[in-house]
Amino acid sequence: MADSTISLNGWNKLAGSNPAIHFIDITLRGCAQVMFQNNPLTGLFFFAAIFTGAYSEGIPAVAWGCLLGTVVSTLTAYISKLDTGSLSAGLYGYNGCLVGVALPTFLENTPFMWASIVLGSIVAVIATISLTDFLKNWKVAALTAPFVLVTWTILLASYSFFGIKGVSLPAPALPDQYVAPIAGIPYSDLLPDIFRGVSEVFLLSSITVGVLFVIGLAVSSLWAAVFAVLGSLLAFGVASFLKADFGSVHTGLYSFSAVLTAIALGSTFNKPSFKVLVYTIVGVIFTVFVQGALDVVLTPFGIPTLTMPFVLASWLFLVPNQDIMPEHRQ
Amino acid sequence: MADSTISLNGWNKLAGSNPAIHFIDITLRGCAQVMFQNNPLTGLFFFAAIFTGAYSEGIPAVAWGCLLGTVVSTLTAYISKLDTGSLSAGLYGYNGCLVGVALPTFLENTPFMWASIVLGSIVAVIATISLTDFLKNWKVAALTAPFVLVTWTILLASYSFFGIKGVSLPAPALPDQYVAPIAGIPYSDLLPDIFRGVSEVFLLSSITVGVLFVIGLAVSSLWAAVFAVLGSLLAFGVASFLKADFGSVHTGLYSFSAVLTAIALGSTFNKPSFKVLVYTIVGVIFTVFVQGALDVVLTPFGIPTLTMPFVLASWLFLVPNQDIMPEHRQ
Amino acid sequence: MADSTISLNGWNKLAGSNPAIHFIDITLRGCAQVMFQNNPLTGLFFFAAIFTGAYSEGIPAVAWGCLLGTVVSTLTAYISKLDTGSLSAGLYGYNGCLVGVALPTFLENTPFMWASIVLGSIVAVIATISLTDFLKNWKVAALTAPFVLVTWTILLASYSFFGIKGVSLPAPALPDQYVAPIAGIPYSDLLPDIFRGVSEVFLLSSITVGVLFVIGLAVSSLWAAVFAVLGSLLAFGVASFLKADFGSVHTGLYSFSAVLTAIALGSTFNKPSFKVLVYTIVGVIFTVFVQGALDVVLTPFGIPTLTMPFVLASWLFLVPNQDIMPEHRQ
Chain U
1 MADSTISLNG
11 WNKLAGSNPA
21 IHFIDITLRG
31 CAQVMFQNNP
41 LTGLFFFAAI
51 FTGAYSEGIP
61 AVAWGCLLGT
71 VVSTLTAYIS
81 KLDTGSLSAG
91 LYGYNGCLVG
101 VALPTFLENT
111 PFMWASIVLG
121 SIVAVIATIS
131 LTDFLKNWKV
141 AALTAPFVLV
151 TWTILLASYS
161 FFGIKGVSLP
171 APALPDQYVA
181 PIAGIPYSDL
191 LPDIFRGVSE
201 VFLLSSITVG
211 VLFVIGLAVS
221 SLWAAVFAVL
231 GSLLAFGVAS
241 FLKADFGSVH
251 TGLYSFSAVL
261 TAIALGSTFN
271 KPSFKVLVYT
281 IVGVIFTVFV
291 QGALDVVLTP
301 FGIPTLTMPF
311 VLASWLFLVP
321 NQDIMPEHRQ
Chain D
1 MADSTISLNG
11 WNKLAGSNPA
21 IHFIDITLRG
31 CAQVMFQNNP
41 LTGLFFFAAI
51 FTGAYSEGIP
61 AVAWGCLLGT
71 VVSTLTAYIS
81 KLDTGSLSAG
91 LYGYNGCLVG
101 VALPTFLENT
111 PFMWASIVLG
121 SIVAVIATIS
131 LTDFLKNWKV
141 AALTAPFVLV
151 TWTILLASYS
161 FFGIKGVSLP
171 APALPDQYVA
181 PIAGIPYSDL
191 LPDIFRGVSE
201 VFLLSSITVG
211 VLFVIGLAVS
221 SLWAAVFAVL
231 GSLLAFGVAS
241 FLKADFGSVH
251 TGLYSFSAVL
261 TAIALGSTFN
271 KPSFKVLVYT
281 IVGVIFTVFV
291 QGALDVVLTP
301 FGIPTLTMPF
311 VLASWLFLVP
321 NQDIMPEHRQ
Chain P
1 MADSTISLNG
11 WNKLAGSNPA
21 IHFIDITLRG
31 CAQVMFQNNP
41 LTGLFFFAAI
51 FTGAYSEGIP
61 AVAWGCLLGT
71 VVSTLTAYIS
81 KLDTGSLSAG
91 LYGYNGCLVG
101 VALPTFLENT
111 PFMWASIVLG
121 SIVAVIATIS
131 LTDFLKNWKV
141 AALTAPFVLV
151 TWTILLASYS
161 FFGIKGVSLP
171 APALPDQYVA
181 PIAGIPYSDL
191 LPDIFRGVSE
201 VFLLSSITVG
211 VLFVIGLAVS
221 SLWAAVFAVL
231 GSLLAFGVAS
241 FLKADFGSVH
251 TGLYSFSAVL
261 TAIALGSTFN
271 KPSFKVLVYT
281 IVGVIFTVFV
291 QGALDVVLTP
301 FGIPTLTMPF
311 VLASWLFLVP
321 NQDIMPEHRQ
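Chains as they are written, first to last, in UniProt numbering: chain U, 1 to 330; chain D, 1 to 330; chain P, 1 to 330.
Read the hints as simulated data drawn from the structure, not as lab findings. Check before you lean on any hint, since a few could be wrong.
Just so you know, same-sequence chains aren't split out, so a pair can sit in one copy or run between any two.
[Claimed, not checked] The list that follows gives simulated cross-link-like pairs (lysine-lysine, DSSO-like), each with its CA atoms no further than 27 Å apart:
hint, residue 1, residue 2
1, K13, K81
2, K136, K275
3, K271, K139
4, K81, K271
5, K243, K81
6, K139, K275
7, K139, K81
8, K243, K165
Generate coordinates for the entire structure from the input sequences, incorporating the hints supplied.
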């Protein structure tokens, strides 16, 4: 907890003595780990943000799916008696948390969808162990790859199964050169767009949600909050400069992966310094290119990129740490 | 041979003293290794099944291709003086065996096709060594990935070359949401469908072939036979429940990868136990989702999944063995 | 320099004492490393060839992009104080060199394109370290994979960004069975086609350029020059035999990856011998299949294969070196 900006001694003592409170604690940490924070208070802010955002957008299933996914993943790891250090830090929960957000966002709200969240959250734990084992030689974390791979599998499978139907998946198509509207980029407030970018990490597009996420980050790590906002700002700037579809820029679709890259490279795995800052800036700029590229790659398959641009760019920029920078902090 | 349910002492002695019999022995074992059995009698049953199935379906080239592929792969490993343990166990033969089944199934029967089997069976050996080396850090086997990668390459290349032409490849298309027929799922016998699922491991859809495969498994390992049948049954149930295209379910196309996952997770790499059974069930269910997903991914490229759903799901579920279960048996 | 067929003692002494000459030296070696040569004279021949070819084809941006990419990559590695052995050998320069050739070939000549070369050449260095670290367990080099991955990302992203526009990218489409013209293969000179194949390593299709490349190889290593020519010849033969699109065969599009596979397997990583020769022949033949396959895979995405067929085939054939052949030379 050394990283926390607010003392949680009382809660930690309680969680240490009461199994029910302990389970709530690691469920909250699971949600917080989506943005790399090992902090139950951050998780509480995140859940509050997600429930606020989901209900105000009229998609409560997203909030309940998020809770269900985090609980099922945490429970799976708990029952399987997995490595207690990682378990207590919430590292088996965050992928299930995101599976639970993504499936209700894209699929029809049926019992099949809820069963898919349960299956997906169980498999997300197995995929987390698998990828962690696979990557440990290079001292690189699985990041949100287990979430992306499991969710992609289920969303792709939804095309094959009449029981699971996509409702807001993009129709499969061949890619086309994007042509900007003649009128040029419309006016928009910069600040709301930046917070929408942070909000899109959980597939929501809301200023309030984004602000709550940043506060949640700040109670755990000020640097994480700073890098999240700067990452969103930089991605907004790069995507606008490259003349990406303004609707997507505005909604935050070019920013959410960049937010995660910025926190990961800038504050989680490296200690902030000038060298790290330069490296993070290059990483964030490249994340915007990866986002644009992966959007094109997935067009024929009718599925969204989710946070894969962040995962790919961050793996690329994290593996060389011993050569370019001192060893990772974690 | 500890695993065999029937004594083969006489044959083994013969194979040990006569080089020609030894070569026949490892060719038979190569065929048996498609379903993880190191047993020449199993291989004999499998070849019998394939010749029966291929001739009764009017595609004798499939049977002769299978024999050719197994022999070429085994010969390549023999001449290259590869690791004798793996060689004698047939581990360099099974991928060539499947290359020889797949190419005549999808390509026009021309001299080019036969040359492709020879090339593919040679490269399958190289790919087996390559993948085995790549995966040994994680104590995971190459499974049938060499077969899939080599065959995909040749099938994809067939679109570029007028000399090699696909005859029963699906036309490249954009994926579409599957819509079930209004009349609902038609009547069908459960038992035949389960054996057709086992039969599809070798791309054949025949009850007799499936039964011969199960007998072939049983002479080597009763558990393998049990898991094959249960895997096929479970996959049938899951795919029907999810309302997959009934034609595909009926033909066994949702079952063959699941059959292999069930044998691999349930009996080959882990020792049967309650924990392993639960894990295998989750693995088989997820294999059905991977099958549905990969069908969609490959739609624009006009090639079949082959056994890749089994490979991907099994890698995912085999890597974490030290964390979740005792170390693999092999 | 033991490998060089011409003495460079004077130059090497100069480069050792003067930092500016040293930088020129490693920039030249960076260009030479595209075909695995650690030799500044080879690099000079290569640059001469590229400038000749680019100007004669009316695309000077390709030549200047090539120079810019090599310099930016080398400078990035220089400033980051990377491993001096690899740096001095030009191993951080060749991927940026190719990024600088590829982007002006396929994208509109705008300031965005030049900025993309700079970004791409910086990220190519990071990708080189990343992939080298990833692959070192298997004693396999990154080859030109960093170039391909970075360039694919930027080319794919060009469909999403109005600021970066493809001008000679193939339109995304569904693959189709290639049907050869009825008239049969037209007459053509074999020798020019072979040199055009070598020339296409740098995306140029010119006999003069190809000849200059072969001379550049010969001043460093006669074997490399021999394998380049034989690789191009063999690929020409295989692609013609398989009845590939004759326009592509003629332009050298089936040969350039095969040229690199031939040099890599035949002379760079293995010591020439009869066994190595046979292995290289199989590798080159398979590279032609991978080329045909990858052309099909990339059709829906509207991007070229670049040298990926070489990378994939060579990785496949280089990993098993301890099993099939003595350990790699490098």
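Have a look at K243 and K81 and pick one of within, between, both or neither, based on CA distance no larger than 27 Å.
So K243 and K81 fail the 27 Å test inside a copy (50 Å) and across (35 Å) alike.
Treating 27 Å as the Cα threshold, decide for K139 and K275: within, between, both or neither.
within (20 Å within a copy, 30 Å between copies)
Between K81 and K271, at a C-alpha cutoff of 27 Å, which is it: within one copy, between copies, both, or neither?
between (32 Å within a copy, 19 Å between copies)
Is it within, between, both, or neither for K139 and K81, if the alpha carbons may be no more than 27 Å apart?
both (23 Å within a copy, 22 Å between copies)
When no copy is specified for K136 and K275, does a C-alpha distance of 27 Å or less occur within a copy, between copies, both, or neither?
both (25 Å within a copy, 26 Å between copies)
27 Å Cα cut-off: does K13 pair with K81 within a copy, between copies, both or neither?
So K13 and K81 pass the 27 Å test inside one copy only (22 Å; across, 47 Å).
Check K271 against K139 for me: Cα-Cα at most 27 Å, and say if that holds within a copy, between copies, both or neither.
within (16 Å within a copy, 31 Å between copies)
K243 and K165: within-copy, between-copy, both or neither at 27 Å Cα:
between (33 Å within a copy, 11 Å between copies)
Figure legend: structure checked against the earlier numbered hints; the only hint not met is number 5.
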